[in-house]
Amino acid sequence: MSALTSLRRATTLTSKSVTTPDTNNKNGLEYFVQTVSDAGACSSSLGRVCEWNRLESSGTVSARLDTRVLTDLAQTAVKSLKPMPVADVPAYVLANAGVDKV
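In case it helps, my numbering puts the sequence shown at residues 1002 to 1103.
A couple of the hints might just be wrong.
Straight line, CA to CA, 35 Å or less: simulated DSBU-like cross-link-like pairs of lysine-lysine [unchecked claim]: (1) K1102 <-> K1080; (2) K1083 <-> K1102; (3) K1083 <-> K1027.
Treat the hints as calculated values from the structure; they're not laboratory data. What you are looking at is a predicted structure, and each value in this text was computed from that prediction instead of being measured.
Full structure from sequences and hints, please.
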């Protein structure tokens, strides 16, 4: 798996009013943070806790905690990036996404 694919799978996700946020597709590797324990497991690989994924008025997402994603990310520049706090994502998306904003 490429580091870019790992990055996409380990970034913060905010899902609001999505009835099916998870299709249970088992292809690829994924580390989907939903609990304090999940986030804390990132520390040994990335030197920091991972940001949570937030589901708001949405369906459920199965636990996917393949630590190979963390191992892959630890070997890239991603390790030095500071993620946006999950609470800040909705406002950022509303202000920066959409037609003429990309």
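Going down the list of hints, with the structure as the test:
Among the hinted pairs, K1102 with K1080 is consistent with the structure: their alpha-carbon atoms are about 28 Å apart, no more than 35 Å. At roughly 23 Å between alpha-carbon atoms, K1083 and K1102 fall within 35 Å of each other, so this suggested pair holds. Among the hinted pairs, K1083 with K1027 is consistent with the structure: their alpha-carbon atoms are about 28 Å apart, no more than 35 Å.
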